[in-house]
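Q: Now for the letters of each chain:
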Amino acid sequence: MAYLQVNSITKQFGGLVAVDNVSFEVEKGEIVSIIGPNGAGKTTVFNMLTGVYTIDSGEIIFDGTPIHNTNPYNIVNRGISRTFQNIRLFPNMRVIENVLVGTHIRTKYGFFDALFRTGRYKKEESEKVVHAAKVLKDIGLGNRINDYAQNLPYGEQRKVEIARAIATDAKIILLDEPAAGMNPQESDELLCFIRQLRDKGYTIILIEHDMSVVMNISDRIYVIDHGKKIAQGLPGEIANNECVIEAYLGGVKKDA
Amino acid sequence: MDKKMKKETSNNLILKFETFVDKYKLLLAAVCTVLLLVFPYMGVNQYILRIVIMIGIYSMLALGLNILTGYTGQVSLGHAGFYAVGAYTASLVALKLGANFFVATLAGAALSSLCGLLLGLPTLRLKGTYLSIVTLGFGEIVKMITMNWDKVTNGTLGLKNIPKPVIFGVKLTLSNNGLYYLMLVLVALTALICMLIIKSKIGRAFMSIKEDELAATMMGIKTTQYKILAFVISAFITGIAGAFYASMIGFIDPNSFTFDISTLIISIVIMGGMGTIRGMFLGSAILIVFPEVSRFMMDYRFVVYGIVLVLMMRFRPQGLLGWKSQLPYKFPKLARQELEKQDKSILNTL
Numbered sequence: 001m002a003y004l005q006v007n008s009i010t011k012q013f014g015g016l017v018a019v020d021n022v023s024f025e026v027e028k029g030e031i032v033s034i035i036g037p038n039g040a041g042k043t044t045v046f047n048m049l050t051g052v053y054t055i056d057s058g059e060i061i062f063d064g065t066p067i068h069n070t071n072p073y074n075i076v077n078r079g080i081s082r083t084f085q086n087i088r089l090f091p092n093m094r095v096i097e098n099v100l101v102g103t104h105i106r107t108k109y110g111f112f113d114a115l116f117r118t119g120r121y122k123k124e125e126s127e128k129v130v131h132a133a134k135v136l137k138d139i140g141l142g143n144r145i146n147d148y149a150q151n152l153p154y155g156e157q158r159k160v161e162i163a164r165a166i167a168t169d170a171k172i173i174l175l176d177e178p179a180a181g182m183n184p185q186e187s188d189e190l191l192c193f194i195r196q197l198r199d200k201g202y203t204i205i206l207i208e209h210d211m212s213v214v215m216n217i218s219d220r221i222y223v224i225d226h227g228k229k230i231a232q233g234l235p236g237e238i239a240n241n242e243c244v245i246e247a248y249l250g251g252v253k254k255d256a
Numbered sequence: 257m258d259k260k261m262k263k264e265t266s267n268n269l270i271l272k273f274e275t276f277v278d279k280y281k282l283l284l285a286a287v288c289t290v291l292l293l294v295f296p297y298m299g300v301n302q303y304i305l306r307i308v309i310m311i312g313i314y315s316m317l318a319l320g321l322n323i324l325t326g327y328t329g330q331v332s333l334g335h336a337g338f339y340a341v342g343a344y345t346a347s348l349v350a351l352k353l354g355a356n357f358f359v360a361t362l363a364g365a366a367l368s369s370l371c372g373l374l375l376g377l378p379t380l381r382l383k384g385t386y387l388s389i390v391t392l393g394f395g396e397i398v399k400m401i402t403m404n405w406d407k408v409t410n411g412t413l414g415l416k417n418i419p420k421p422v423i424f425g426v427k428l429t430l431s432n433n434g435l436y437y438l439m440l441v442l443v444a445l446t447a448l449i450c451m452l453i454i455k456s457k458i459g460r461a462f463m464s465i466k467e468d469e470l471a472a473t474m475m476g477i478k479t480t481q482y483k484i485l486a487f488v489i490s491a492f493i494t495g496i497a498g499a500f501y502a503s504m505i506g507f508i509d510p511n512s513f514t515f516d517i518s519t520l521i522i523s524i525v526i527m528g529g530m531g532t533i534r535g536m537f538l539g540s541a542i543l544i545v546f547p548e549v550s551r552f553m554m555d556y557r558f559v560v561y562g563i564v565l566v567l568m569m570r571f572r573p574q575g576l577l578g579w580k581s582q583l584p585y586k587f588p589k590l591a592r593q594e595l596e597k598q599d600k601s602i603l604n605t606l
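Chains H and C are the protein sequences, given in the same order.
Numbering of the first sequence is given in our numbering, commencing with residue 1 and proceeding in unit increments.
Numbering of the second sequence is given in our numbering, commencing with residue 257 and proceeding in unit increments.
Hint data in this document are derived by calculation from the structure and do not stem from the laboratory.
Quick caveat: nothing in here was measured; it's all calculated off a predicted structure.
Any given hint could be a false lead.
[To be verified] Calculated pairs, DSS-like style, for lysine-lysine (alpha carbon to alpha carbon, straight line, at most 25 Å): (1) C/K478 to H/K171; (2) C/K279 to C/K586; (3) C/K589 to H/K134; (4) C/K272 to H/K108; (5) H/K171 to H/K134.
[Said to hold, decoys possible] Per the computed footprint, the stretches of chain H lying under chain C, defined by three or more beta-carbons under 8 Å from a beta-carbon of chain C, are: (6) 87 to 100; (7) 142 to 148.
[Unchecked claim] Far from chain C, some chain H residues (derived; all Cβ distances over 10 Å): (8) Q5; (9) G14; (10) E27; (11) T54; (12) I61; (13) T107; (14) E189; (15) L197; (16) K200; (17) G201; (18) P235; (19) G236.
We put the CB at the ideal spot given by N, CA and C, even for glycine.
Isolated chain H, as found in the complex (with noise of 0.2 Å):
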């Protein structure tokens, strides 16, 4: 069984199948894009995934583990973390913090250590604030650690992001549309982080409109449509696909 294995999820809001039957697997080490339209079901399986939404039917299995209809909390816990396609950052918080928040789940001291600044507090709470400001400079925002996230540029919230979803200790990173936004040379930067972060071992899933970013960076790609899996392949023949052609640009009657 692959390393998180989605079998035939499906969503529906009233009376619409937001996605019906989608079925996808990703392998440890992977980079594997969702393509579609807008309005295709993309950002809906991704929460989907992170336990925004509850699944109609199917199953989702990571590492062996059903992971579907839990609180976000066990997904994050699990090893699973997002960011997402409208930057949701904490604006008036600075971007350590911001980062810190990502550590939160890892941080187990409880409320009488801080209260009473133990030495466990000390210890753990140096311990975050050290591997945050690592990951930050890794993602290359070292020099922004004091700045509030709003008052960052657009590329660098995405960083931020994306930095955050890192310090939950994740194993799989879903990344909703990194590269909106960004003009072409920031966006070849991020390709070049996505895969420094493939190479440290970490698993990625990745929404993207992007189509240099998507069919340069990715090892598999899933074409959604209308709430449905059209096609599945390396990124050569997704780009030679009939189908995802038809959906992207419009068909043509063969018979007219």
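Fit chain C to the known structure of chain H by using the hints.
A: Just chain C, lined up with the frame of chain H:
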């Protein structure tokens, strides 16, 4: 452009001010402590002393509400309810069981935080305005209970002869300044506890819930638990303030804990600067002193009060002292040492 430049200069001013305070913080703290300690001997009369003690009590109330509203973003319009629960419980324990002030206060704070726990539970389902309405209802329910549960609370007649705090056989009163010093200790403790909680993962969890609850959930923060915790801490502090108030005044009745008190507390928090500790002191000083100095306006002072609040919301919505610190992030000492050992470059870029 113009606005941005204005912001830049004000940030610079704040930075200068903060650097100054940070540099001389020990000296400033010592001066403040000495001033506060000798204050009763600077020829003030009991009237002034009493107002200062009220400022202290409202600082505590504001610090309590600040944990909930300022840091966690859950607006409570019913804090007079917790205040009443603390005051009534402590007074009853003291009157009926003869317990001393500190036991009674703890009992008051405990019952108040229990109410906080119960009131916090609806946060599972309620957000924003809807939660505020529930807290508003809670305040009214408490008031109704104190009014109508005659056997215990003595109804609208209120509780009389609530004993003053006694330490080592010395009765603390206004005239021997004991109440003033007790107030100082309680306020200092409260502020310290707030600070310790805020500068930990708990405080960061609170703030992340205020900033973006969904993102906080997705980072694995159990938001419901933390919201309830914020309610409990907030109610605990408010309960202590209530117990102290009852003991100082010696008489409480349901009218001491009306909706006006709830609005006053939240006005202090907003005016001082939500999510700051410094702001609570200034806010309560202004809003407690204002009605006293504006006695000559009598009927018009609430009009003025309203205008002041409206102007505040227009020109300084973040509160008088509600700025974000411009100083660099303070690394914990151990973390700084560790970074110096492993990787100086991070510290050097700061």
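Q: Now, for every hint given, state plainly whether the structure supports it.
A: Hints, verified against the model:
1. C/K478 to H/K171: Answer holds: C/K478 to H/K171 is near 20 Å, not above 25 Å.
2. C/K279 to C/K586: Roughly 14 Å between the alpha carbons, so the hint for C/K279 and C/K586 holds.
3. C/K589 to H/K134: 17 Å, holds
4. C/K272 to H/K108: 37 Å, violated
5. H/K171 to H/K134: 18 Å, holds
6. 87 to 100: Satisfied; 10 residues make the cut.
7. 142 to 148: Result for this restraint: holds, n = 5.
8. Q5: 22 Å, holds
9. G14: With a cut-off of 10 Å, H/G14 remains clear of chain C, as the shortest Cβ separation is near 21 Å.
10. E27: At about 24 Å from chain C, H/E27 clears the 10 Å cut-off, so the statement holds.
11. T54: 14 Å, holds
12. I61: H/I61 is indeed farther than 10 Å from all Cβ atoms of chain C, at 20 Å.
13. T107: Contrary to the label, H/T107 does not stay out of reach of chain C, its closest Cβ about 5 Å off (not over 10 Å).
14. E189: The claim stands: H/E189 keeps its Cβ more than 10 Å from every Cβ of chain C (closest is about 18 Å).
15. L197: 18 Å, holds
16. K200: 17 Å, holds
17. G201: 20 Å, holds
18. P235: Correct as stated: the minimum Cβ-Cβ distance to chain C is 29 Å, above 10 Å.
19. G236: Nearest chain C Cβ is 34 Å from H/G236, so the label holds.
Violated hints for the displayed structure, listed by number in ascending order: 4, 13.
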